[in-house]
Amino acid sequence: MTSFTTYRPDPDLDLLLERVVDVPRGLVWRAWTTPEHIKKWFTPAPWKTAACEIDLRPGGIFSTVMQSPEGQSFPNVGCYLDIVENERLIWTNALMPGYRPRQSPEARSDNAFAFTAVISLEPQGGSTKYTALVMHADTATRKKHEDLGFHNGWSTALDQLVAVAKTM
Amino acid sequence: MPNQPSPLDQVFQSLADPTRRAVLQRLSQGPAAVSELARPFKMALPSFSQHLDVLENSGLVKSRKLGRVRTYTIAPRPLKTAESWLEKQRGQWESRLNQLDNYLMELKENETDD
Numbered sequence: 001m002t003s004f005t006t007y008r009p010d011p012d013l014d015l016l017l018e019r020v021v022d023v024p025r026g027l028v029w030r031a032w033t034t035p036e037h038i039k040k041w042f043t044p045a046p047w048k049t050a051a052c053e054i055d056l057r058p059g060g061i062f063s064t065v066m067q068s069p070e071g072q073s074f075p076n077v078g079c080y081l082d083i084v085e086n087e088r089l090i091w092t093n094a095l096m097p098g099y100r101p102r103q104s105p106e107a108r109s110d111n112a113f114a115f116t117a118v119i120s121l122e123p124q125g126g127s128t129k130y131t132a133l134v135m136h137a138d139t140a141t142r143k144k145h146e147d148l149g150f151h152n153g154w155s156t157a158l159d160q161l162v163a164v165a166k167t168m
Numbered sequence: 169m170p171n172q173p174s175p176l177d178q179v180f181q182s183l184a185d186p187t188r189r190a191v192l193q194r195l196s197q198g199p200a201a202v203s204e205l206a207r208p209f210k211m212a213l214p215s216f217s218q219h220l221d222v223l224e225n226s227g228l229v230k231s232r233k234l235g236r237v238r239t240y241t242i243a244p245r246p247l248k249t250a251e252s253w254l255e256k257q258r259g260q261w262e263s264r265l266n267q268l269d270n271y272l273m274e275l276k277e278n279e280t281d282d
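Residue numbers (the numbering used here), protein chains in the order written: chain A, 1 to 168; chain B, 169 to 282.
Some clues are possibly wrong.
Claimed, not checked - In silico lysine to aspartate or glutamate, EDC-like type, Cα no more than 20 angstroms apart, as pairs:
(1) A:39 x B:221
(2) B:233 x B:221
(3) B:276 x A:22
Stated by the list, open to error - Simulated coverage check for chain A against chain B, where a stretch passes if three residues somewhere in it have a Cβ under 8 angstroms from a Cβ of chain B:
(4) 9 to 22
(5) 37 to 48
Everything labelled a hint here was simulated from the structure, so no lab data went into it. From the three backbone atoms N, C-alpha and C, an ideal C-beta is built for every residue, glycine too.
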């Protein structure tokens, strides 16, 4: 077995965030892996996490239900890929629990884009450094532009813009 | 991403001139060198270059100099939306982690209280 080094951030597609918090590593780990904790912080305000289910093993479910301020619910379901207690947590929403590939976009009711998140934790004195790497297959809008035929779309938009400007 | 001051103002100012609109229409067909762009206009080159500068500052076109030839292309503005999509994702993860860090500090205080 070789060590796990297969992920490499792509600056055009991925996000890499790094934080140092003045708390022990075990606490950070629990905050990422316990439903009661996840519900308190996971969803950016003013949205809320209405529900969370965790089966902390490879292929196990990680799901959250996000709730809009108007009370509308949006479920997010995925599964864990790798779990090393206090060190590394990897999950994706591209695979459903049990590693079943998720439905194609046409068959799904949501339009959530696929991502894989890699959370790494390491102690730094009494504090903890953690990084979140969020990998995307594509950026949603970039793909759409390619589908539409980027150059064509731009020429048409420009023609319209010029036409408008001429009437000003 | 650097925030340019009122980019929309610059775009419209840029478009408010017939010479610059003609240059844009030419460039929408493909890249062109300065000499080719200037040919249809009876204008001194320095004045024409000023028009090109206005277009470039507004972000509508980009230029590259290769040897002695400067070539202009339409700037792929629509690609900016792809960048802002990723920036939006970043914003969400930033606020998520901000909430986590605040929550962790709360937890730590509560544990010390116990």
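Looking at the structure, which of the earlier hints fail to hold?
1
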